[in-house]
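A.B. asks: Sequence:
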Amino acid sequence: MIPLDNAVTARLESHGLRFEILVDPELADKMRHGAEGIDIEDAVAALNVYENASHGDKSPDEDLLKVFKSTVFEEVAKQIILKGEIHLTTDQRRRLTEEKRNRVITYIARNAVNPQNGLPHPVTRIELALEQVRVNFDPFKSV
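Plus 852 on top of the position in the sequence shown (first one is 1) and you've got our numbering.
Read the hints as simulated data drawn from the structure, not as lab findings. Please note that a few of the clues may not be correct.
To be verified - Cβ-Cβ distance ranges computed for the label pairs, FRET-style:
1) P974 x S906: 46 to 52 Å
2) S922 x T958: 41 to 47 Å
3) R986 x E914: 35 to 41 Å
To be verified - With a straight-line cut-off of 25 Å between C-alpha atoms, the simulated DMTMM-like cross-links for lysine to aspartate or glutamate are:
4) K882 x D943
5) K930 x E878
6) K910 x D943
Beta carbons are placed, not taken as given, at the ideal position from N, Cα and C, and that holds for glycine.
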């Protein structure tokens with residue numbers, strides 16, 4: 853288990869109910885992207901499923917049975933991590949935004965042509981133009 857200070861909330865809303873767990877953002881991200889061998893207990897900060905994690909309100913077992921067909925924490929937590937939304941840390945969001953920016957620049961450099969001379973635009977010119985117009989990249993939209 854990880855310290856509560858390093859945990860973020862993973863949330864799943866289903867059947868009009870909200871379920872939250874506290875997870876390690878890096879391990880949860882690895883689990884979502886198919887990494888094998890990660891133990892659920894290593895990825896969570898508390899072995900409870902909450903209705904509201906910030907208030908500490910635990911979800912009733914009846915609600916867990918209704919939505920997940922189980923009250924076993926490991927099964928429920930895995931479904932919440934895989935199907936729910938996980939809040940990103942600042943470092944993760946910055947990294948994703950930078951990766952998206954680089955992919956957009958690469959896409960433009962490969963597909964755009966300077967009409968004056970018929971050559972592709974240099975990467976540095978594209979980077980400077982994007983900085984000049986202050987483009988904000990959404991890490992979750994496609995290139």
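A.B. asks: Taking the hints in turn, state whether each one holds.
C.D. replies: Evaluated hints:
1. P974 x S906: 46 to 52 Å: holds, 49 Å
2. S922 x T958: 41 to 47 Å: holds, 44 Å
3. R986 x E914: 35 to 41 Å: This hint is violated: roughly 51 Å between Cβ atoms.
4. K882 x D943: Holds, at about 15 Å.
5. K930 x E878: holds, 15 Å
6. K910 x D943: violated, 29 Å
Violated hints for the displayed structure, listed by number in ascending order: 3 and 6.
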